[in-house]
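Protein chains in written order, with UniProt numbering: chain S, 1 to 306; chain B, 1 to 324; chain H, 1 to 326.
Errors might be hidden in some of the hints.
Keeping only pairs whose Cα atoms sit at most 30 Å apart, straight-line, the calculated BS3-like set for lysine-lysine is [stated by the list, open to error]:
{"hint": "1", "chain 1": "H", "residue 1": "K200", "chain 2": "B", "residue 2": "K221"}
{"hint": "2", "chain 1": "B", "residue 1": "K221", "chain 2": "H", "residue 2": "K73"}
{"hint": "3", "chain 1": "H", "residue 1": "K173", "chain 2": "H", "residue 2": "K200"}
{"hint": "4", "chain 1": "B", "residue 1": "K221", "chain 2": "H", "residue 2": "K173"}
{"hint": "5", "chain 1": "B", "residue 1": "K240", "chain 2": "H", "residue 2": "K173"}
{"hint": "6", "chain 1": "B", "residue 1": "K240", "chain 2": "H", "residue 2": "K200"}
Calculated directly from the structure, the hints in this document are not laboratory data.
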Amino acid sequence: MSSTTAGAPPAAAAARVETPFRRFVSEFAESRLALLGLVVFAIIALVAILAPWIAPQNPYDLAQLDIMDGRLEPGSVGGSGITHWLGTDDQGRDMLSGIIYGLRISLTVGAGSAILACLVGASLGMLAAYAGGRTDSLIMRLVDLQLSFPAILAALMILAFLGKGILNVVIALVVVEWAYYARTVRGTALVERRREYIEAAQCLALPTHRIIFRHLLPNCLPPLIVVGTMQIARAIALEATLSFLGLGVPITEPSLGLLIANGYEYMLSGKYWISFYPGIALLVTIVSINLVGDQLRDVLNPRLKK
Amino acid sequence: MTVFLLRRLIQAAAVVLAMSLLVFLGVYAIGDPVEILISPEADQIERERAIQALGLDLPLWQQYLVFLGNALRGDLGRSFVFNEPALQLILQRMPATLELAVGATVAALIIGLPLGLYAGLRPNSTLSKGIMAGSILGFSLPTFWVGLMLIMVFAVQLGWLPSTGRGETVEVLGMRWSFLTANGLAHMVMPAINLSLFKISLVIRLTRAGVRETMLMDYVKFARAKGLSPTRITMVHVFKNILIPVVTVVGLEFGGTIAFSVVTESVFAWPGMGKLIIDSINVLDRPVMVAYLMIIVLMFITINLIVDITYSLLDPRVRLEGKA
Amino acid sequence: MTPPTLQVRNLRTHFFTRAGVVKAVDDVSFTVDRGKVLGLVGESGSGKSVTGFSILGLVDPPGRIAGGQILFKGQDLAGLSEEAMRQLRGNRIAMIFQDPMMTLNPVLRIDTQMIETVLAHEKVSREEARQRARDALGQVGIPSPEERLRAYPHQFSGGMRQRVAIAIALLHKPDLIVADEPTTALDVTIQGQILAEAQKLCADFGTALIWITHDLSVVAGLADDIAVMYAGKVVEQGPVTQVLDQPLHPYTVGLIGSVPSRNKRGEPLRQIPGMTPSLLNLPAGCAFRARCPRAEARCAEPPPMAEYRPGRHARCIHPYEEAVAA
Chain S
1 MSSTTAGAPP
11 AAAAARVETP
21 FRRFVSEFAE
31 SRLALLGLVV
41 FAIIALVAIL
51 APWIAPQNPY
61 DLAQLDIMDG
71 RLEPGSVGGS
81 GITHWLGTDD
91 QGRDMLSGII
101 YGLRISLTVG
111 AGSAILACLV
121 GASLGMLAAY
131 AGGRTDSLIM
141 RLVDLQLSFP
151 AILAALMILA
161 FLGKGILNVV
171 IALVVVEWAY
181 YARTVRGTAL
191 VERRREYIEA
201 AQCLALPTHR
211 IIFRHLLPNC
221 LPPLIVVGTM
231 QIARAIALEA
241 TLSFLGLGVP
251 ITEPSLGLLI
261 ANGYEYMLSG
271 KYWISFYPGI
281 ALLVTIVSIN
291 LVGDQLRDVL
301 NPRLKK
Chain B
1 MTVFLLRRLI
11 QAAAVVLAMS
21 LLVFLGVYAI
31 GDPVEILISP
41 EADQIERERA
51 IQALGLDLPL
61 WQQYLVFLGN
71 ALRGDLGRSF
81 VFNEPALQLI
91 LQRMPATLEL
101 AVGATVAALI
111 IGLPLGLYAG
121 LRPNSTLSKG
131 IMAGSILGFS
141 LPTFWVGLML
151 IMVFAVQLGW
161 LPSTGRGETV
171 EVLGMRWSFL
181 TANGLAHMVM
191 PAINLSLFKI
201 SLVIRLTRAG
211 VRETMLMDYV
221 KFARAKGLSP
231 TRITMVHVFK
241 NILIPVVTVV
251 GLEFGGTIAF
261 SVVTESVFAW
271 PGMGKLIIDS
281 INVLDRPVMV
291 AYLMIIVLMF
301 ITINLIVDIT
311 YSLLDPRVRL
321 EGKA
Chain H
1 MTPPTLQVRN
11 LRTHFFTRAG
21 VVKAVDDVSF
31 TVDRGKVLGL
41 VGESGSGKSV
51 TGFSILGLVD
61 PPGRIAGGQI
71 LFKGQDLAGL
81 SEEAMRQLRG
91 NRIAMIFQDP
101 MMTLNPVLRI
111 DTQMIETVLA
121 HEKVSREEAR
131 QRARDALGQV
141 GIPSPEERLR
151 AYPHQFSGGM
161 RQRVAIAIAL
171 LHKPDLIVAD
181 EPTTALDVTI
191 QGQILAEAQK
201 LCADFGTALI
211 WITHDLSVVA
221 GLADDIAVMY
231 AGKVVEQGPV
241 TQVLDQPLHP
251 YTVGLIGSVP
261 SRNKRGEPLR
271 QIPGMTPSLL
281 NLPAGCAFRA
291 RCPRAEARCA
301 EPPPMAEYRP
311 GRHARCIHPY
321 EEAVAA
């Protein structure tokens, strides 16, 4: 890879060996819908990261809010001279800014919980596969128990006992999600363990951690990536739902779900925008991640390959 | 069959026991049980008395046995807010949730099966592609937001359907039901559709995949070679085969539907168990939370058991294995 | 003079795939008379099964009949509507499939699957249909048919299931049965029983039978006539004893040579070199020439079907004129 630089002439490009990564990229790009999803998600992520620089207003800074600007329709100009393209909420908060900052929180919670759950789940899954016996059956029983119980309920109960807060939401999400990763890693690791190359590595008396990290784990990566992508979308949706129910993030740092909840009571009087636009933002985020995940699953699934 | 049943029952009992331990530990490990089980308004003497009465001065394992014993006698504590037994409180609200969940399941089958069947029989038609795109949306749409949008369009803008509540109810078998009155049914339409959104998508996908797989089977070609009408092939030979996985999944999902009705009930102010639990969490009515959790676990186990039995009745191959 | 039960003329069944047109059946002609058995022989992928499905009008997209005639008692099936075709299927023309484990619907009882076949073509009472089903099961040698009617397919062995499938095919005493390798998946002893029954039934009812197989030894004992297919074309046809004793086409010679037999013990088995060509990009001319020991430059021209001896047709420009020791 390193010898073939991007500036290579076309003739050299044709002669290039097809690396697995390159094949992966070209297969992924076969679905235009998935590419679109990737682009949209990249934009959303960028907007979330750059929130302080691109949002018209800092929605957390109470000094910038004017209660007189409350519940303005989309497109109206507020007292501070800002045009509120998506209207304002009951506090006079610019909805566009609220959504941009809300995305930031939703994405952080979603991605953060997914990564943490992945770490926890993958470790336990690997432990189950490698240790086998009692450890394995104990971990897998826990997984079964966790998966047979609806995520929303488990998260609800954990938050009920822990209380609100971003950290608590992340903990709850990790608790309800780790099992998916554990099952995935264990399944793949069990298959890989029986392969000759692992036996060869064991015959060479390579240390266990080397076998796990250099041989087993890389093979578990493709399914983990697929599960991880889908779980990020799930985590974002779940966080929004929990916040909507008033059990997620605190009022001071509204995520998309809380913004939607705030608009609930104004919906009945026809002030749709407070709930409508954050919902659209949430929907677009989830759909774009799912589109990417769907295609990843098709591309990375060895069973679908001829 | 009896052996099969017995084995499943023992398994179920073991899971209930495990869950009760988990709930017990959840209550006692996270936070102070005194705070959880005794009303915060109680004064010091009342607290002391309650601690003794609840056996909170006993060792943990003895406390668990007491908890288990009380639970077996149907005593899951009293609600702080309503000052009623928590169990009774939940059971009162159960019919509302059950009828909503059943309504959603029925809606999912009525809408999902024909659409999935069509998409499976004509996978390349434009309508099929639309159906499949719609099903992806059904998986991605946040339920509570769709609920709000339904209210906005059909209740606020068009005024066709009532936005919240259960409407008129009739008492049958000592429980109040909405679906037996026109007004109640009108109240039920939006929440049921909202709750079934995810399940409709699921049924569509399962049905479509099943139809496509089954259509390739030799026995379908053989059925055609027998000169059967396309209707008979679709409705009997194909449909009966795909019904097995669909029924299993929809059945398994019934528990999830009841769990997810928490969201729908909150959106539509539907006075069921889900609304009760959210309200209880918001006011920290912990005995109700504990009771709700135990009931949900029990419900889940029962549903799994019923699904297993139905499955074995539907698929003769499973039935035989049960006998052996 | 009554027309023969089935007369296939220049049948072409093509699959229009994205990669190109696959000529699975390309210019196939044969005739089967009442009470006669035609053995349709070839390697897998030679188009023999597609020929069978074409006769029943069961070719699935992207395949379709692109030309030729299928005259069933004088009536052209290729031009028939789907509904008219459906009324013939299972009624006048029946089919038996290769894998008996797969042909019966696993979730329906045997009686359901048999009664529906009766009711699809005749307005009779359910009870009478059941009676017919019971009789048909008895005919194919299934003991205690009344009891077996209430069973599910998985309660039968492979051989029994194939008998049930044959019983279903016999329900309307059809004029023609297309049997697509019906004994391939079965044990040798069961295979023998089923062959004997098939022969007897044809003789009893005057049913014409097309027996599709890759196994020459099956055809030798069963068929009256034989048609050998290669790459979508019939390369040789004629009365079975003549074709097997004095094959004209090099492919037929090769096929016969690859059958292990007692007489050749100790000799290495002969085999046809190479493999069946892909039907997608078939070379012009004789499709067999790449594997043919007698191939020459002229074989690049498509060889016509010619009658070399009375009733003996072959698609080869240099057939074995003398009897070859096979």
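**Request:** Compare the distance between the alpha carbons of K221/B and K173/H with 30 Å, and conclude whether the hinted pair is satisfied.
**Result:** holds (20 Å)
**Message:** Hinted pair, alpha-carbon criterion (30 Å max): K173/H, K200/H. Please report holds or violated.
**Reply:** This hinted pair holds, its Cα atoms lying about 13 Å apart.
**Request:** Below or equal to 30 Å on CA atoms is what counts here, so check K200/H against K221/B.
**Result:** This hinted pair holds, its Cα atoms lying about 27 Å apart.
**Message:** Against the 30 Å threshold, does the CA-CA distance of K240/B and K200/H hold or violate the hint?
**Reply:** violated (36 Å)
**Asked** Are the Cα atoms of K240/B and K173/H separated by 30 Å or less?
**Response** holds (29 Å)
**Asked** Regarding the pair K221/B and K73/H, is the alpha-carbon distance no greater than 30 Å?
**Response** Holds, because 24 Å separates the two Cα atoms, which is no more than 30 Å.
Going down the numbered hints, you'll see the structure goes against just number 6.
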